[in-house]
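Peer 1: Protein sequence lines, in the order shown, are assigned to chains A and B.
Residue 196 in numbering that gives the first Met the number 0 sits at position 197 of the first sequence, with consecutive numbering throughout.
Residue 263 in numbering that gives the first Met the number 0 sits at position 264 of the second sequence, with consecutive numbering throughout.
Keep in mind the hints are simulated off the structure, nothing from the lab.
Certain hints may be false.
[Stated by the list, open to error] Here are some chain A residues pointing at chain B (derived, C-beta under 10 Å):
(1) Glu64
(2) Ala66
(3) Leu129
(4) Val144
Beta carbons are placed, not taken as given, at the ideal position from N, Cα and C, and that holds for glycine.
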Amino acid sequence: MSAAPAKRTTYREAVREAIREALLRDPRVFMMGEDVGRYGGAYAVSKGLLAEFGPERMRDTPLSESAFVGAGIGAALGGARPIVEIMTVNFSLLALDQIVNNAATLRHMSGGQLSVPLVIRMATGAGRQLAAQHAHSLEGWFAHVPGLRIVVPATLADARGMLWTALEDPDPVLMFEHQTLYNMEGELAEDAGPVDIDRAAVRRPGGDVTLITYGATLYTTLAAAETLAAERIESEVIDLRTLRPLDMETIFASVRKTRRVVVIDEGWRSGSLSAEILARVAESAFYDLDAPVARVCSAEVPIPYPKHLEDAALPQAPAIVEAVRALMPASVSR
Amino acid sequence: MTTPPSDHAVHLLREMLRIRRFEEKCAELYSAGQIRGFLHLYIGEEAVAVGVMQALTPDDAVVATYREHGHALARGIAANALMAEMFGKQEGCSGGRGGSMHVFDAAARFYGGNAIVAGGLPVAVGLALADALAGRRRVTTCFFGDGAVAEGEFHESMNLAALWKLPVLFLCENNLYAMGTHIERALSQQDLPAKARTYGMPADSVDGMDVLAVEEAAGQAVASVRAGNGPFFLEARTYRFRAHSMFDAELYRDKAEVEAWKTRDPLRLLQDRSLVDAAGFAAIDAGVLLEIADAVACAEAGTWEPIAHLTRDVYTPALEGPRERRAR
Ligand SMILES: Cc1ncc(C[n+]2csc(CCOP(=O)(O)OP(=O)(O)O)c2C)c(N)n1
Ligand SMILES: [Mg+2]
Numbered sequence: 000m001s002a003a004p005a006k007r008t009t010y011r012e013a014v015r016e017a018i019r020e021a022l023l024r025d026p027r028v029f030m031m032g033e034d035v036g037r038y039g040g041a042y043a044v045s046k047g048l049l050a051e052f053g054p055e056r057m058r059d060t061p062l063s064e065s066a067f068v069g070a071g072i073g074a075a076l077g078g079a080r081p082i083v084e085i086m087t088v089n090f091s092l093l094a095l096d097q098i099v100n101n102a103a104t105l106r107h108m109s110g111g112q113l114s115v116p117l118v119i120r121m122a123t124g125a126g127r128q129l130a131a132q133h134a135h136s137l138e139g140w141f142a143h144v145p146g147l148r149i150v151v152p153a154t155l156a157d158a159r160g161m162l163w164t165a166l167e168d169p170d171p172v173l174m175f176e177h178q179t180l181y182n183m184e185g186e187l188a189e190d191a192g193p194v195d196i197d198r199a200a201v202r203r204p205g206g207d208v209t210l211i212t213y214g215a216t217l218y219t220t221l222a223a224a225e226t227l228a229a230e231r232i233e234s235e236v237i238d239l240r241t242l243r244p245l246d247m248e249t250i251f252a253s254v255r256k257t258r259r260v261v262v263i264d265e266g267w268r269s270g271s272l273s274a275e276i277l278a279r280v281a282e283s284a285f286y287d288l289d290a291p292v293a294r295v296c297s298a299e300v301p302i303p304y305p306k307h308l309e310d311a312a313l314p315q316a317p318a319i320v321e322a323v324r325a326l327m328p329a330s331v332s333r
Numbered sequence: 000m001t002t003p004p005s006d007h008a009v010h011l012l013r014e015m016l017r018i019r020r021f022e023e024k025c026a027e028l029y030s031a032g033q034i035r036g037f038l039h040l041y042i043g044e045e046a047v048a049v050g051v052m053q054a055l056t057p058d059d060a061v062v063a064t065y066r067e068h069g070h071a072l073a074r075g076i077a078a079n080a081l082m083a084e085m086f087g088k089q090e091g092c093s094g095g096r097g098g099s100m101h102v103f104d105a106a107a108r109f110y111g112g113n114a115i116v117a118g119g120l121p122v123a124v125g126l127a128l129a130d131a132l133a134g135r136r137r138v139t140t141c142f143f144g145d146g147a148v149a150e151g152e153f154h155e156s157m158n159l160a161a162l163w164k165l166p167v168l169f170l171c172e173n174n175l176y177a178m179g180t181h182i183e184r185a186l187s188q189q190d191l192p193a194k195a196r197t198y199g200m201p202a203d204s205v206d207g208m209d210v211l212a213v214e215e216a217a218g219q220a221v222a223s224v225r226a227g228n229g230p231f232f233l234e235a236r237t238y239r240f241r242a243h244s245m246f247d248a249e250l251y252r253d254k255a256e257v258e259a260w261k262t263r264d265p266l267r268l269l270q271d272r273s274l275v276d277a278a279g280f281a282a283i284d285a286g287v288l289l290e291i292a293d294a295v296a297c298a299e300a301g302t303w304e305p306i307a308h309l310t311r312d313v314y315t316p317a318l319e320g321p322r323e324r325r326a327r
C-alpha cells in the first residue's frame, strides 16, 4: 500500500471525487440524471459539480427514467462516456427495459459490432424508514443478467476508485451505493485512485467460518465477526465488491480453509444472489464443507415503515451470530 | 352592512386549515423524531385537494401521490388514523406499514399514497376501467404533479383513458417544481392542457390558490366525466410553500419567489373573499387545533405492531377450502 498521507472524508465525497476525476480526465464523460445539477443530487453526491462543469456535462433530466437511461445507451454507442444516475433502485424499474433489453444485449445481438460503455449509478437498500417503494435491494436481480457488470462499493476506497475503472470497461456497468453509507466517514489516502472491479476482497481474515457479503451489510457482518471472535470463532469476511461476474476463486479459497460458509445479503432469499453463491459452493466445494451452507437475508416482505419492523426485516448482527453458532461443533460454540 | 360568511365558505376554510395545522404539527414531530422517513408537505396547495373533493361523492375513487396528507384529510380520512400512520402505529390507516408516503383507506376509496412518480396514473385508469366494465357511473380522480408529466406512464395512461373513454379526472397539481427542477427545464411544452388535448380529451386550467375556482372547475370536469364523455384533464396552478421534503435545502429557488406566492396564500384568499373576520377565523382555528392535538394524543397512545407480525399482509389470507373448488 502507498504511504501517502490520508485525509478524512465521507463515502459521499469519495463518490463525488470519483465523478469529478472522471469529468476532468476524459472530455467524453458527462453525467445525467434527475436533480444532479441544480439540486446537487438527491443524496447530495454531485453538489458543486454543476458550477464546475456546467449544464452540458452535469445534465439535469426530467423525470423520465426510461428515456434518459436509454439516451445514455445511445450516447455510449455514439462515442460518449455517460454516467447516468438513477435516484434509487426502485425507480430503475421504470428503465428496466432499456437496461435489460438494450444495454445488456446490444453487444450480443449485433454479433459483436457494438459495445455500450455506460455506467449507471444508483442508491439502494433500506435502513432509513423509507418504506416499500424506496428501500429495496434489487442489485441481485440485475446480477441475473448476462451482459451487465454489477459493482457495489462498500468502502471509501471503492467509492473513490470503482467509477473510473467502470468507465474504462467497454460494457455497461451498474454501480449500487447503499443509502446508509453516504454519511460514512473515515480515512482515505490522498492519492487514492482507480481500483480493480474484478476481485472480491477479504476484509477480515479468519479460519473458522467464511462470511460472504457486500455493500452496507459488510459492516453488520464485521460487527458480528467481532462478537464471534469473543467466543473464539474466527470469521473470514469477504466483501464481494462485484456481484457479476462473481469472483468464485476467492470464495472457494476461503471455504476450503474454513469449511463453513454463510452468505449475508440484504436482498430477499428466494431466487437470490445468495442462492446463486451457495449453489456454486455446493456444486464445486461440497466435499470441502463441514456444515450445511447457510444465509441471512431480508425477510420476505416489502420493507415496512416503522423502525422496529424495518430492523426486523433486515439482516442484523445477532442473526448472523446465531447462524454461525449453528454451524459450529458443540464444543466450540459453547 | 356586512353579509355573514356562508356556511360553505366556513367549511372550505376549515378543511384547508385542518391540512395546514396537521402538517405544521407533522413538521414539528419530524424534528422531534416521532415521524421518520420522507415527509413531503402540501402547505400552500390546500385549495386544490379541498376544492376537488367537493366535487366527488363517497363512491368515487381517489389516487394520490406521496404528498397526500391533504387529500386524505379532505377525503374524510380521520386525522387520528392519519397521524397514527405518520407515527407508524398499527392504529394508522395503513396499519402503520406505509407511513407518510403510503396512506390508504379502502373504505374511503383512497388508493394511495403512491411514491413512484406517475405510478398512480395507470392504476387510476384501471379503477375507471372496472367501473366502465361494471356499468357504474363513478369517477376516479388521480392527483399527480407537474413532474409526472415527463414520465412515459403519464402519456400511456392519458392515451389509454382517452382511447377507451374511461371516467378518469386527471388532476395535475402544477406547483412549478419537481424537487429542484423547474418545469421550464423539464417540459418542452409547458401548456399542460394543450398537451392533454392532443390525446383527444377536454382539458382546463385553474388558479389552484383559489379554492372557489378549483371547486367550480372540478365540478365541471367531474360532471363531464360522470356524463360519460371520457377522461378530463385539469391543471391546478399552485405552489408549495415548504421544501420538497425535510431534506431539501431549497437552493434552486429564490426566497422572493416563495414570498410572492405566499401573498396568494389560499387560506388568506378565501378568508378575505368570504368575509371571515379575525374572530371567526380564530374560532375555526381553535376547533382545528383541538382536532390535531387529539390526533397527536391518539398517535402517541397508539401501539407498535408486534414483530411476530412482520411477514403479514404480503399475501391475502386464504379463505376456507381449496380455492380451485371454491364456489363463486
Ligand atoms: C419514478 C420516480 N422517479 C423519481 C422519484 C423521486 N422524486 C420523488 S418526488 C419527485 C418530484 C416530483 O415532482 P412533481 O411530480 O412535480 O410533484 P411534487 O413533488 O411537486 O408534488 C421526485 C423526482 C420518484 N419518487 N419516482
Ligand atoms: Mg411539482
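Peer 1: Would you mind marking each hint as holding or not holding in the structure?
Peer 2: Hints versus structure:
| no. | hint | result |
| --- | --- | --- |
| 1 | Glu64 | holds, 8 Å |
| 2 | Ala66 | holds, 7 Å |
| 3 | Leu129 | holds, 5 Å |
| 4 | Val144 | violated, 21 Å |
Checked against the numbered hints listed earlier, the structure breaks hint 4 alone; every other hint is satisfied.
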